[in-house]
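Visitor: Construct all of the structure, not just a fragment, from the sequences and the given hints.
So in numbering that gives the first Met the number 0, the last one in the sequence shown is 179, and the numbering has no gaps at all.
It should be emphasised that the hints constitute simulated quantities derived from the structure, not laboratory data. All of these numbers come straight from a predicted model, not from anything done at the bench. Take these hints with a grain of salt, some might be off.
Capping the alpha-carbon separation at 25 angstroms, the derived lysine-lysine pairs in BS3-like fashion look like this [said to hold, decoys possible]:
no., residue 1, residue 2
1, 24, 36
2, 75, 62
3, 75, 94
4, 59, 36
Distance windows between CB atoms, simulated [said to hold, decoys possible]:
no., residue 1, residue 2, range
5, 165, 97, 27 to 35 angstroms
6, 131, 78, 22 to 30 angstroms
7, 23, 132, 49 to 57 angstroms
8, 171, 87, 52 to 60 angstroms
9, 69, 135, 25 to 33 angstroms
10, 85, 153, 28 to 36 angstroms
11, 33, 66, 32 to 40 angstroms
12, 85, 58, 31 to 39 angstroms
13, 45, 105, 16 to 24 angstroms
14, 171, 132, 56 to 64 angstroms
15, 132, 153, 18 to 26 angstroms
16, 133, 26, 39 to 47 angstroms
Backbone N, C-alpha and C fix where the C-beta goes; we use that ideal spot for every residue, glycine too.
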Amino acid sequence: MPTSEDRPEERPETQAAPLSDAASKAAAAARIENQAKWVDLQVQQSIQRGEFDNLPGAGKPIKNLDRDHDPDWWVKQLVEREQIVVLPRSVQLRKDDAELDDLLDTQTTEDGARRIVEEFNERVIAARYGAPEGPPLITMPRDVDATVAAWRERRAARVEAARRRQATTPEKKRRWWQRR
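Guide: Written out as structure tokens, the structure is:
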């Protein structure tokens, strides 16, 4: 069982008279020396108890130990681990423009489709007036009314195709326990 001498936070507090500057420096040095001994004692006891056995990575070389220190090492590891892709704004807008019609087709209301096109246009305009980064921005804002009209036509075609499929599919005979 560890004693209060093993744990400095459990030592009883004693009231001492104020020390001179030299005595206070000597006391601080003694505390630091004792603290190092205390830490070494705690490590030795942990080794004896086996708390350092079977740690992950035991017996393996430390990764990236031969590289120079990089202050952004944690960001690079996060990007690698989470597979984050960060594209320049112009490239991201090109990609979003190519995927915009598919995104609009997931919308069920005209207001939702119109809102998505307006948000896309706002991002394009902000990128045009902002500082250039990466490749040149060639993406243009879309005409909201024309894009929504095209969405309406695609939606009507999907609804008609679904009606035709339903009309050609024979209706299954319902069992007596199924509701209509």
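Visitor: All hints are to be evaluated individually against the structure, with a verdict given for each.
Guide: Status of the hints after comparison with the structure:
1. About 19 angstroms separates the Cα atoms of residue 24 and residue 36, which keeps this hinted pair within 25 angstroms; it holds.
2. Simply put, residue 75 and residue 62 have alpha-carbon atoms about 14 angstroms apart, close enough for the 25 angstroms limit, and the pair holds.
3. Distance hint between residue 75 and residue 94 is fulfilled; the C-alpha atoms sit about 24 angstroms from each other, no more than 25 angstroms.
4. The hinted pair formed by residue 59 and residue 36 fails the criterion: a straight-line CA distance of about 29 angstroms is larger than 25 angstroms.
5. Separation of residue 165 from residue 97 is about 32 angstroms and conforms to the stated range, judged on CB atoms against 27 to 35 angstroms.
6. In this structure the hint that residue 131 and residue 78 lie 22 to 30 angstroms apart at CB holds, the actual value being about 23 angstroms.
7. Taken as a hint, the range 49 to 57 angstroms holds for the pair residue 23 and residue 132, whose Cβ atoms sit roughly 56 angstroms apart.
8. Residue 171 and residue 87 have their C-beta atoms about 53 angstroms apart, which keeps the hinted 52 to 60 angstroms range intact.
9. Distance hint for residue 69 and residue 135: a CB-CB separation of about 31 angstroms, consistent with the stated range 25 to 33 angstroms.
10. The hinted range of 28 to 36 angstroms is satisfied by residue 85 and residue 153, whose Cβ atoms lie roughly 32 angstroms apart.
11. A hinted range of 32 to 40 angstroms holds for the C-beta pair residue 33 and residue 66, which are about 37 angstroms apart.
12. A C-beta distance of roughly 36 angstroms is found between residue 85 and residue 58, which places it inside the suggested range of 31 to 39 angstroms.
13. A beta carbon spacing of about 56 angstroms between residue 45 and residue 105 contradicts the range 16 to 24 angstroms that was offered as a hint.
14. Distance hint check: the CB atoms of residue 171 and residue 132 are about 57 angstroms apart, consistent with the given range 56 to 64 angstroms.
15. Range check, residue 132 to residue 153: Cβ separation about 34 angstroms, and the 18 to 26 angstroms hint is violated.
16. In this structure the supplied range 39 to 47 angstroms is violated for residue 133 paired with residue 26, their Cβ-Cβ distance being about 60 angstroms.
Checked against the numbered hints given earlier, the structure breaks hints 4, 13, 15, 16 and satisfies all the rest.
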